[in-house]
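Undergrad: Now for the letters of each chain:
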Amino acid sequence: MNKLLEVKGLTYKKNLRTILKDVNLDVESGKIIALLGENGAGKTTLMRIIVAIAKHYQGKVLLNGDGSEVYRKANIAMTDNLKGLSDSTKVGEIEEFYQKLFVDFDSSKFEQLRSFMKLSNDMKLGQLSRGMREKLEIALTLSREAKLYLLDEPFSGIDPMSRKRIINSILLWKSADSTIIISDHFVNEITTILDEVVTVKDKKIASHLSADDIRAKGHSIEEYYESLYADEGAE
Amino acid sequence: MVTFSSIFKELTQNKARLVRRLAFLQVITGILFGFWALFYSVFEGESKAYMMVAFISITPFFDLAYLVLSSRKNEEIYASQTWRLVPIKESTLLFANLFSAIVDGLYLVVLQIGMIAIAGLPVITTNEFWKTTFKNFGSIGEGKLWQEAHLTDLACSVILLILIAIFIYVAISSVNFTGKVVSDFLPEKISKMVYFLVVVALTCVGLIVLINVYWFVLNSLTGFLQNGMFLTTLSRDALEVKSNLSSNYLTMLAIFIVDLILIAINIVLLNKYHEAKI
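Residue numbers (the numbering used here), protein chains in the order written: chain D, 28 to 262; chain H, 191 to 468.
Think of the hints as simulated: they come from the structure by calculation, not from any bench.
Each residue gets a CB set at the ideal place from its N, CA and C atoms; glycine is no exception.
It is possible that part of the hints are untrue.
[What the hints assert, rightly or not] With beta-carbon atoms standing in for the labels, derived distance ranges:
1. D:Asn51 <-> H:Lys382: 31 to 37 Å
2. H:Val348 <-> D:Glu172: 41 to 47 Å
3. H:Ile451 <-> D:Arg157: 41 to 47 Å
Whenever a hint applies, use it, and build me the whole structure from the sequences.
TA: Next up, the structure:
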């Protein structure tokens, strides 16, 4: 497998608070990885740095050996809350927006994902429930032919039945050589599709293990995650 | 990578909604104000002109509203993850955002000219209107305007207004970016207060510059309307005319340089420090 993403000696501070300290992470292509950690552990910040929208950090972030911000943005698809668009924007207009601004956006894939998520082109952003909005965010993100997908807590507002259906179908929507990093609290629901588990704790990458290694030790991924917080009580 | 034209088109379309809403609001306000003025005979002169005068009177307020709302929109775009995720250089985003606001501003001006022309149809088709207008505008009334007005002066005044609009947009961004960057380097508890203080301090400096620019524009336009030339004084002395024209060009150059400096500062801040909100 090729090395897709390299994060070297990454430190990020904001408001005199260290959020990430000397983070090192290597990710290969073709994997599905869970990024786990407590609220405020720095998972979202790490994703924002990887996709080049968080600034003023120390260290290096390389995608296929290239550290340029534009290259990273062009090849990484990250879920976005769409707050930059007005509530009156229709789903169909958002599709056009993505089509024009992301050259790797595949409209036919979006149409399939849109009907899978039961979204209509006439629906306005302001009319969508939290769950529906998250479904739209996932559909838009996975419709890009990116090398790396960053899904930041994508299922938190989605009902359990739809969540299960979406998680089980994620493998269908990704190409063999692309990688997905999912940050989520619903550990037990995503375990079946995971290849690797990365945990963020105390501003650092506390562990980076393959899902098979965890299972080989007789633990479920949820048990393993809970064991990291055994002393303090997991969330 | 996305081209400048793609993002420019998207941003222009995005802000065009604001222009159309403002134009619609101006039509409604203009009609109501016009009828109110007609009913109470608020203006002097021919009643046929009331509707046009009403539209002309409210136009500066809507231009000002556009300036405020489009500036706010510009800052929202810089702070938006949706727009910052677009694979494009930060400098390209800045130029596209800036010029889309200018182009949409010109779009509003075109719509306003249309509104005023339609509202004035009953009156601008009469000879009397033109006679009164010529009389009111001094040398224009004597038919000297087109002998004396230089096309370059007219072009200069348009360029000057665009340069001032750019100055306002980039100055607001500089204040906002600087405030955010400074507050990001301070504890969260006081970051909002520091942002507020930085914004207030920089706004005061900006306002002083703006007031000076305002008086310059006012003098220049007054000179243009009364004398048919783009002057800051009404002197007819050839030497003074030459020197005043040169000073106008120098002022334009000065504003252009200030714009460039602020744009360069904004690019650095956007590139290195200013982050989109989560």
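Undergrad: Would you list, in rising numerical order, the hints stated earlier that this structure does not obey?
TA: Checked against the structure, no hint fails, so every one of them is satisfied.
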